[in-house]
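Undergrad: Full structure from sequences and hints, please.
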Amino acid sequence: DQQVKQNSPSLSVQEGRISILNCDYTNSMFDYFLWYKKYPAEGPTFLISISSIKDKNEDGRFTVFLNKSAKHLSLHIVPSQPGDSAVYFCAASKKAGKSTFGDGTTLTVKP
Amino acid sequence: NAGVTQTPKFQVLKTGQSMTLQCAQDMNHNSMYWYRQDPGMGLRLIYYSASEGTTDKGEVPNGYNVSRLNKREFSLRLESAAPSQTSVYFCASMAAEATNEKLFFGSGTQLSVL
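Quick note, the sequences are listed as chains A and B, same order. The first sequence begins at 44 in the working numbering and counts up by one. The second sequence begins at 323 in the working numbering and counts up by one.
What the hints contain is simulated information worked out from the structure, not anything from laboratory work. Bear in mind the structure is a predicted one, so any value in this text is a computation, not a measurement. For glycine and all other residues, C-beta sits at the position ideal for the given N, C-alpha and C. Among the clues, some could well be false.
As the list claims (entries may be wrong) - Within a straight-line C-alpha distance of at most 27 Å, the following computed DSSO-like cross-link-like pairs (lysine-lysine) qualify:
| id | chain 1 | residue 1 | chain 2 | residue 2 |
| --- | --- | --- | --- | --- |
| 1 | A | LYS137 | B | LYS379 |
| 2 | A | LYS99 | B | LYS424 |
| 3 | A | LYS80 | B | LYS331 |
| 4 | A | LYS141 | B | LYS393 |
Unchecked claim - Rough simulated footprint, nothing fancy, chain A against chain B, three-plus residues with beta-carbon under 8 Å:
| id | segment |
| --- | --- |
| 5 | 360 to 371 |
| 6 | 423 to 436 |
Unchecked claim - Residues of chain A clear of chain B, computed beta-carbon distances all greater than 12 Å:
| id | residue |
| --- | --- |
| 7 | SER71 |
| 8 | THR106 |
| 9 | VAL121 |
| 10 | THR151 |
| 11 | LYS153 |
TA: Laid out in structure tokens, this is it:
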């Protein structure tokens with residue numbers, strides 16, 4: 044049973060527009076959520092995180108929203124830039140636990 | 323700063339061969355992890371080491387062994403490689419597992435088992 048799901052394998056947006064990447068989880072014990080970004084032939088790099096006590100966290104062009112009742116989080120990128128084209132992984136962890144990753148969403152930002 | 327360094331970057335093995343993937347971090351992190359990523363899938367945890375001297379199984383440990391050589395180094399060994407172990411392997415570290423912090427990843431090892 045996959046505990047973290049990213050149901051959209053790919054997303055294509057125009058430069059300057061908003062990108063919205065979605066993630067659903069099933070385990071109510073998860074209390075910390077992270078987004079990682081991965082370019083080809085590189086390891087994932089941390090992008091942004093949110094604790095379950097919050098419903099929003101913002102860092103520059105990146106905002107993560109958490110809806111605990113729906114067990115859903117989303118990553119908003121505004122405005123999207125061609126350099127944002129990458130694979131985005133959602134991850135969830137329990138307190139003092141290991142992260143469980145989704146399968147990733149490939150974002151393509153077209154100039 | 324090097325961060326997390328993995329060697330080798332690429333490796334081709336024949337079924338039944340053995341090899342060790344090396345990983346070292348220079349951030350004085352306590353916790354280290356080995357993940358594998360198969361095409362179209364997320365990262366799955368193979369083994370982890372919460373602190374020097376300890377190792378534990380993750381989600382997919384079968385066919386692998388690990389050694390936490392010291393605080394800096396965490397190696398992954400395939401004793402008898404199988405085609406199902408063809409994957410990209412990532413080593414990662416975290417300051418301390420007791421805190422909810424981000425993982426720092428190496429650049430990966432692409433392994434093909436023929």
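Undergrad: For the pair supplied as a hint, LYS137(A) and LYS379(B), is the alpha-carbon distance within the 27 Å limit?
TA: holds (17 Å)
Undergrad: If I take the minimum Cβ distance from THR151(A) to any residue of chain B, is it greater than 12 Å?
TA: holds (16 Å)
Undergrad: Measure nothing beyond the straight line between the CA atoms of LYS99(A) and LYS424(B); if it is 27 Å or shorter, mark the hint as holding.
TA: Holds, at about 18 Å.
Undergrad: For the segment 360 to 371 of chain B, count the residues whose Cβ lies under 8 Å from any Cβ of chain A; is that count three or more?
TA: Since three or more residues must qualify, the claim that chain A covers the segment 360 to 371 of chain B holds, with 7 doing so at under 8 Å.
Undergrad: Just want to verify: SER71(A) was marked as not at the interface with chain B; is every Cβ pair farther apart than 12 Å?
TA: holds (16 Å)
Undergrad: Confirm or reject the statement that VAL121(A) sits farther than 12 Å, beta carbon to beta carbon, from all of chain B.
TA: VAL121(A) is indeed farther than 12 Å from all Cβ atoms of chain B, at 22 Å.
Undergrad: So LYS153(A) supposedly isn't at the interface. Is its beta-carbon more than 12 Å from every beta-carbon in chain B?
TA: At about 22 Å from chain B, LYS153(A) clears the 12 Å cut-off, so the statement holds.
Undergrad: Mind taking a look at whether chain A covers the segment 423 to 436 of chain B? Criterion is 3 or more residues with CB to CB distance under 8 Å.
TA: holds (count 7)
Undergrad: Can you confirm whether the C-alpha distance between LYS141(A) and LYS393(B) stays at or below 27 Å?
TA: holds (19 Å)
Undergrad: Given the hint that LYS80(A) pairs with LYS331(B), does the C-alpha gap stay at or below 27 Å?
TA: holds (20 Å)
Undergrad: Say whether it holds or is violated: THR106(A) keeps its Cβ farther than 12 Å from all Cβ of chain B.
TA: holds (17 Å)
This entry satisfies every hint, going by the numbered hints stated previously.
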